[in-house]
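Kindly generate the complete structure, drawing on both the sequences and the hints.
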Amino acid sequence: MNCQTAQDELLRVADDGLAATQQTALKAHVESCATCQQYAESLNSLSELLQHDAKSVSVPDADQMWRDISARLNTAEKQQSKSRTIAPIIWLTAPLAAAAALAFTFIPHQSDETAPAIAGNNIVQVDYVEIEDPDSTAMVYVDKESGWLVVWADDPSVNSG
Numbered sequence: 017m018n019c020q021t022a023q024d025e026l027l028r029v030a031d032d033g034l035a036a037t038q039q040t041a042l043k044a045h046v047e048s049c050a051t052c053q054q055y056a057e058s059l060n061s062l063s064e065l066l067q068h069d070a071k072s073v074s075v076p077d078a079d080q081m082w083r084d085i086s087a088r089l090n091t092a093e094k095q096q097s098k099s100r101t102i103a104p105i106i107w108l109t110a111p112l113a114a115a116a117a118l119a120f121t122f123i124p125h126q127s128d129e130t131a132p133a134i135a136g137n138n139i140v141q142v143d144y145v146e147i148e149d150p151d152s153t154a155m156v157y158v159d160k161e162s163g164w165l166v167v168w169a170d171d172p173s174v175n176s177g
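Every letter in the sequence shown is one number past the one before it in my numbering, and letter 79, counting from 1, is 95.
If you're looking for bench data, these hints aren't it; they were derived computationally from the structure.
There may be inaccurate statements among the hints.
[What the hints assert, rightly or not] Label-pair distances were calculated between CB atoms; the ranges are: (1) W82 with F120: 56 to 66 Å; (2) L112 with P172: 51 to 61 Å; (3) L112 with D171: 53 to 63 Å; (4) F120 with P172: 24 to 34 Å; (5) Q67 with T37: 22 to 32 Å; (6) T91 with F122: 46 to 56 Å; (7) R83 with F122: 57 to 67 Å; (8) W82 with V29: 36 to 46 Å; (9) W107 with M81: 19 to 29 Å; (10) N60 with L89: 39 to 49 Å; (11) F120 with V166: 32 to 42 Å; (12) V166 with A113: 39 to 49 Å.
This one's a predicted model, so the numbers in the text were calculated from it and none came from an experiment.
Yeah, the Cβ is synthetic: ideal placement off N, Cα and C, and Gly gets one too.
Quick look at the structure:
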């Protein structure tokens, strides 16, 4: 057996073991080879160091750790949902205010003098009535029940008859 094969088998012994015949040949080579003895001692000291470190490391309780993570996620989701419900109110306020300002700016306002007659309101003003025949007379009337504005014009040719 050569040193390379012996060192490969020393690594395999630590992982999964060797058959009895391989162990006998490996033991005979390591006892006769100083390099492989030193390699085997290095592997043994490394293995002891790793075992000691593994014992000193505390493994956290997986269930408790999962509960902590889940609680933090739920808290973060609740905070995001609160900010999501408030956000549309905040970012919709400015455009709605701007739209209202534009509407009030461009919608023509009617003064009290030119406001249309409303049912029950007897204040009506007619500025001008145009009649084709200059001899005709116009009459303006507001119906009290309906609030309608009625304009009549008489035809002088019908009355003179």
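(message) Need the list of violated hint numbers for this structure, in ascending order.
(response) When the structure is compared with the hints, numbers 4 and 9 turn out to be violated.
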